[in-house]
Structures are given as structure tokens and as C-alpha cells.
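Chains as they are written, first to last, in my numbering: chain A, 1 to 596; chain B, 1001 to 1173.
Just so you know, these hints were derived from the structure itself, not from any lab. One or more of the hints may lead you astray.
Unchecked claim - Below, a list of computed lysine-lysine pairs in the DSS-like style, where the Cα atoms sit at most 27 angstroms apart: (1) A:LYS473 to A:LYS493; (2) B:LYS1158 to A:LYS250; (3) A:LYS323 to A:LYS473; (4) B:LYS1158 to A:LYS377; (5) A:LYS250 to A:LYS196; (6) B:LYS1131 to A:LYS117; (7) A:LYS405 to B:LYS1158; (8) A:LYS196 to A:LYS44; (9) B:LYS1078 to A:LYS101; (10) A:LYS185 to A:LYS161; (11) A:LYS96 to B:LYS1131; (12) A:LYS323 to A:LYS302; (13) A:LYS540 to A:LYS518; (14) B:LYS1131 to A:LYS440; (15) A:LYS377 to A:LYS554; (16) B:LYS1078 to A:LYS440; (17) B:LYS1148 to A:LYS440; (18) A:LYS592 to A:LYS554; (19) A:LYS124 to B:LYS1148; (20) A:LYS325 to A:LYS554; (21) A:LYS96 to A:LYS185.
Unchecked claim - A partial selection of chain B residues facing chain A, derived with a Cβ cut-off under 10 angstroms: (22) GLY1058; (23) MET1104; (24) LYS1137; (25) ASP1154.
Unchecked claim - Here are the simulated distance ranges between beta carbons: (26) B:ARG1156 to A:SER98: 38 to 44 angstroms; (27) B:THR1052 to A:GLY488: 44 to 50 angstroms; (28) A:GLU512 to B:ALA1121: 43 to 49 angstroms; (29) A:GLY97 to B:THR1035: 32 to 38 angstroms; (30) B:GLY1105 to A:LYS117: 55 to 61 angstroms; (31) A:GLN437 to B:GLU1097: 43 to 49 angstroms; (32) A:VAL380 to B:MET1104: 33 to 39 angstroms; (33) A:THR131 to B:GLY1105: 54 to 60 angstroms; (34) B:ILE1162 to A:GLU321: 46 to 52 angstroms; (35) B:ILE1162 to A:GLY284: 33 to 39 angstroms; (36) A:GLU512 to B:LYS1126: 27 to 33 angstroms.
Note that CB positions come from ideal geometry on N, CA and C, so glycine has one too.
What follows is the residue order along each chain.
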Amino acid sequence: MTLIRFKLSQEQDVDLSRTYDAVVVGSGAAGGMAAHVLTSQGMKVLLLEAGKKIPIEQELRSMEWPYDHPRRGEAPPGDHAIRYNEYTVRQPPYAKGSAFKHVFSYVGGWGGSDYVKNILVDEKDHPYTGTRYAWVRARLLGGKTNIWGRLALRLSDYDFKGKTHDGYGEDWPISYADLEPYYDKVDLYLGISGHKENLPHLPDSLFQRPNKLSAAEVKLRQSLKQMGRTLTPYRAGVTTDGVKNKYRSKCFGRGACGRRPGGCDIHAAFDSPTGLIYPAMDTGNLTLRTNAIAHEVLVDPKTGKARGISFVDAQNHKTYEAKAKVVVLAASTLESARLLLLSKSRQYPNGIGNTSGHVGHNFCEHVMGPGVTGLVKELVGTEPTLDDGKPGGFYVARFRNLEDKQPGFIRGYGFEGGSGFSIFPDSAWNTPGFGGQFKKSVRDHAGAFIGLGGFGEVLARYENYVDLDPEVKDAWGIPVLRFHYQFGDNEKKMCEDMANAGKEMLEAAGIEVIGVDKNILTEGWSIHELGTARMGNDPKTSVLNQFQQSHDVKNLFVVDGSSHVSASCQNPTWTIMALAWRSCEHLADEFKRGNV
Amino acid sequence: MTISRRDMIQATAAAMALPALAKAPSPSPKPLFFTPGEFALVDEMSDMIIPTDAQSGGARAAGVAAYIDGRLAEAFEKDEPQGWRAGIQAVEALSQEMHAKTFMGSTPEQRLALLTRIAAAESDPKTDAEKFFRTIKSGTIRAYYTSKIGIHDDQRYKGNVIQPGEYAGYDAT
């Protein structure tokens, strides 16, 4: 395999005296998609990213062996990743008073933190307050897409029309039929790996070559079929056959994405810079400004429309203004909400776009933690096989509250899992004793485990919200978010069912259950925060319309996960991009007609 | 963004392992943190935990003690290296109590008797020497299975290779 590195054209000098057609805040999945769609429609776009552009390939070093790294992948002395027990016994801000030089979220502590120390934010500079929350943030070009988990799923009308189905919450102002063409566009433009299953609640994508399954996974898949449940190869936002994009390679099954917190130095896994932003820059219509921390949407006092963004330079701490005819926020669910709330003016005393009072509310995500580990006895002592050379393990589609009605909870959950040999025999930690017997036992069992963990829908509730802390500010003097967010009874009941269902599934497949985990991980752990500026048809109870356009300010759009009406149990990235594509196409049409 | 169950297990494992520590694991004749006596004890005990067998070299061959030493030498939290030192002293005290000899001055049978005794309480260690067994076992696991010998000779790991065609494994049918 030859990897050709393309030298990027120099970032265009940012001319802040001009008025751009649109300014986009944030360069992750949503912001990258906005930049792609708007520039391809001929609009002149300024993209603001709060973090810097880093030489990501040098950072990720996907194929580096542990023993070729001086600390076997761990971060330098003085760096600290917050541990599970710290999140549970303490309140944010978690880095307050810490003696460590740098403090990172829990993601900085697994599978090679040295590879993400320049990707994750330092919690010391980025505090937040309120209830416990494991908030994982990546401030750099591309945001969290640089290390995302790659599971790329579609939502269905079980999600978009959840209220119609079970009476809870609100329906989305769109249906699957509205979004399907845009899911297709995302699939074709970025590439996705998967296996067709024809499930109404987990619609198929336009798949490239699928992942393979391990022997244990085949066994579980066959057994689940008898129960009417579906184990499918991980649907990965990874191009396995290649896409027309000179910045990306197809996947070569190196398995680095499973060994590390994510990240792909050949960009077979989707990331926003190579998948969306660099091609958008090649149109000549995109200007990029990094180190630009947006802290206010500026308002024209005469028209009440947005006129641009005020931002602080992350390095020199000076404030600048970027002027644009349209403002598109894509800073992430929580950062976009923060930015709306920060943008107080005479016209918008509660923050721009917040006449409804719903900004920051209806905050939802996925709950995780419960799961099971099984031992496949016939695999003990077998020859090692290559089981992790692929972009993911497997996914078990939702099976609860589709046709049935569970007594304890509404909505559903899916499982993510993996099995087989990996670079490190995790079971060594739990193998008792020492000596030849211990060593042989670790070796014999290394490839015989299968594990799966649930991801469940957290109900959107008005009383789960974020607001601005009246006292605490970040390193740039910007007020920080304060969390008022907790899992409720529905989540707890669902989690009990997850653990039981996992156990039941392994047992039915004749796999010995060796571990049942019932603990719910700290709020935020799934890194799937959603819903702080939801869409809806009623401006009194929603922030955005079906095109992610502010009900109050017609040239203001919020195209990230904050717009989601409910969390579904399916991972959100592909939906974020399909929605942003649809909205930005609409935006460009309206812009051409002079309607925004 | 998602975290697979495997990642979760690794996260737990990482949390149980040594905290942020040290330098290149190059086998150094002169330890960076341990005294020569402490180094000899860690080297011997780690090799008793993961010994050489017909399949692969053990912890000594994999340079486990040197790796642990390097990490402890640059540890940011000083209670970590101090904890190792105190644990070694507890082992020495137990060795005196059991055999009236230092650990390294004991016979192989006596060392085995001591290790067997402190390992017996692995699931619920009470004494400092018993706690040290958990410490050194964790350190040994972490260092050994990230070493060349651990990954290639012992585990015969097949991954981290380029697969130009199909992925290894089975189709979903």
C-alpha cells in the first residue's frame, strides 16, 4: 500500500473586513457538512474552529507497536485522565485543584492516551459545573470526528414518530422519508461499511464491503436469529471500497481503530477534515479560521437578524468579529447551546433564538454501562486468529418496544460488542494466580471471550438542561455551562433489562456467562449528547424548525445534534450529517431566492 | 462516538494498571529508580509470575523490571514509587520472618513458598506484602503483554497488519 500525502493549499488568509455569505461555527461532523454543502452550492463560507489544526497523522501513528513507544502508549507524566470513580465521587469542575499538569476526560485514559493528548481538551482550561457529567470534548479541526467510534446508523420512524408510537415526548417535524435521500447522499459521499438486514427499525444504508464476524459472533448471530433478534457486523462510517476523495484511503483492516481511542491516519474512517473540509476548500469557496473561539452571535439591532460572530483568538486572547449574511452553528450539542445562551442582547435578553425558553432543555443522550461477558468454551486453546483487523465488532439492533410493550420502560436499546483475539489479553487482569499455569491460562483463553454492552435511549425531558454558570469562566473569560442533568427511572429500568437480556442472549447461544455488569456509567459517558435546541413545528416548545432554522431569527441555523428531538438508541453521527445536508441545501436555495 | 465493551474493559484495565510513568524500557544495567537489590527482587518475582515456558520467554526475558523501573523513575505522583518501595520492604520483612533470609538470599523453594503465601490472598489482600503481590502482578501483566515477547512469541498476535483484500473472518449469512 502506498500512501500519498497531499500538501494542503495554504489556509486562506482570513479577511474579516468582508461579509461572507455564511459563517459556520465548528468543524466537526455538522460544521464540516455545512461547509461542504454550502460551498458546493457556490456560497462563500467562513468556517470558524475553536481549536487548532494539528498534524493528525503524526499524532495517531495508527500502526505503532506498544513496545515502540517509550511509555507503551500512555501519556507523559503529569497528564491525568479522570477515572470512573472520580466522576462518581466528585462534582464538576473535575480538574479544580488538581496537582496534575493536564487533566483529560476518561477517554484520555484508555488504549493509548498519548495519541489523544493533543485532541482532547485540557479540563483545566475548560471547566464546567453542576451535576456529574463525563463531558468529552475535542477542540481541533474536525472535532470529535478525529476519534469517533465509527458506528454509523440510521434512525427510523420508530424514532422520528416516537410520540405517535408510545405517546411520550414529541414527534420530530420530519419523517424517515424526508431524510432517507440525505442518508443516501452521506453514504455515497463518505462511504459506509455494513450488511443489509432489512429491518424497519434500523434501515440499511448503501453499504460498501461489510466487516467480517469472528467465530463467536457467527455463533451468537445464528442463535439470536431464533429469538427474532439481529446481530449484524458493525456498521462503520469507514470506506472499505474507497471513495472519490484524494485525501482518503480505503480501509486496509489494520485494526488500529479498535486498539486506540479511535482515529485513522489513512482516513478510511470518516473524519470531517479529509471527508468534508479539505474537498470544500478545493472549491475555492471556503475560508478557514482556526483558534477562533466563538462566544457571541452578533445581532443587527435594526432588523433583529444575526450579522456575524464575535470570537476570541485562542492564542492571543484578542476579540474579533466575523461578518456574514447567514450564521450556522455547529459547535456541538452543548457548545451550540452555550453560544445561544451567551448571545444576549436587547432583542434577545434570554439568548438568541430562545424566545421559547427551550434552549439548553430537553437535553438527552444514550445511557450505557450494563453488559455481559461470555466465554466460548470451544474456542479455549485454539490457534490465534486475526479477529481485530476490521473497523469494528458487531451491533445488536434494538428489539424492545417495537411490537411489544415492556412493563418497566419505554423506548429501546441496542448492543455494541466485540470478541476474539486482540493485541492485549484483557482477561489477564482477572486470571488468578501466577506462574506457568497462569501464563498458559491467559494464552489459552485470550481469544475465547465475547462481550457486549448496551446503549439505550435517554428520554428527552424539559427538566434535564444546561444553563450558564453565573460565576465560573473558562481560560478565555467565557462563562461556562452548568449541568442540571440526571438519568431517570425509565433509564434505570431499561438498564436492568439490558443486563438481563444480554445474559439471556449469551445463555441461549450456549455461551458461558462469566460477567454481568449492572453499573450505569456516569451521565455523558456515551459522548452522544443531543437535544438542547430541538426542532419542532411549534415555536413555543421548540427552538428550530424542520430545517434547523431558528423560529425567531430566520438567518440563524443550528445544524448539529442539539436539534434532535429525541435521542433514539442509534448512534447519532450519520443522522447529524444527513440533517445538516438537508438543511443546508434548503438554506442555499432560500439564500439564492433572497429569503434569509 | 461510541465506546465498545472491549474499550471499556481496557479502560478499567488501564485504571488498574500503573499510573502515568516513565522512560524507554531499554534494559539498563543501572536501575533508574530501584536500588540494585530492589531491582533484582522485582526482576525475579516478575519472572516467577510470568516464567519462560515452551511457548515463550518470561518476564525477565521481556525486560519487565526495567520497564517498571523506568516508569517509576519519572512518575508524577511520588506515592506510586514509594508504594513499590514499601511493598518490597514488606516482602523482605516477610522473608525474614518465614526463612530468616532476604528474598534473593532464599532458595528457589523458599521464594516460591513466599510468593504462594502472598498470592493466596489475591482476591482480598490484607497485609502490605499481600497488597504488593497485586501491585507487582499488575505491573508485570501490563509490561509483559505489551512487550515484543508477550505480543509476538506468547500471544502470537496476528493483527496490526495490512490486509489488502478481504478482512479475515466469516461472512454474516
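Status of the hint placing LYS1137 (chain B) at chain A (closest C-beta pair under 10 angstroms): holds, 7 angstroms
- prompt: How does the Cβ-Cβ distance of GLY1105 (chain B) and LYS117 (chain A) compare with 55 to 61 angstroms: does it lie in that range?
  reply: violated, 44 angstroms
message: Just to be careful: measuring from the Cβ of MET1104 (chain B) to every Cβ in chain A, is the smallest value less than 10 angstroms?
response: Violated: closest Cβ of chain A sits about 18 angstroms from MET1104 (chain B), beyond 10 angstroms.
- request: Measure nothing beyond the straight line between the CA atoms of LYS1158 (chain B) and LYS250 (chain A); if it is 27 angstroms or shorter, mark the hint as holding.
  value: holds, 21 angstroms
- prompt: Is the Cα-Cα distance between LYS196 (chain A) and LYS44 (chain A) 27 angstroms or less?
  reply: violated, 39 angstroms
- prompt: Do the alpha carbons of LYS1148 (chain B) and LYS440 (chain A) lie within 27 angstroms of each other, as the hint requires?
  reply: holds, 17 angstroms
field: Hint consistency between LYS96 (chain A) and LYS185 (chain A) [alpha-carbon to alpha-carbon, up to 27 angstroms]
entry: violated, 45 angstroms
query: Against chain A, with CB atoms and a cut of 10 angstroms, does the hint on ASP1154 (chain B) hold up?
result: holds, 6 angstroms
- prompt: Between LYS325 (chain A) and LYS554 (chain A), is the straight-line Cα distance small enough, at 27 angstroms or below?
  reply: holds, 11 angstroms
message: Between the alpha carbons of LYS405 (chain A) and LYS1158 (chain B), is the straight-line distance 27 angstroms or under?
response: violated, 45 angstroms
message: Does LYS440 (chain A) sit within 27 angstroms of LYS1078 (chain B), going by the straight-line distance between their CA atoms?
response: violated, 35 angstroms
- prompt: Given the hinted pair LYS377 (chain A) and LYS554 (chain A), is their alpha-carbon gap at most 27 angstroms?
  reply: Violated, because 61 angstroms separates the two Cα atoms, which is more than 27 angstroms.
Hints 1, 6, 7, 8, 11, 13, 15, 16, 19, 21, 23, 27, 28, 30, 31 from the list above are not met by this structure, while the remaining hints are.
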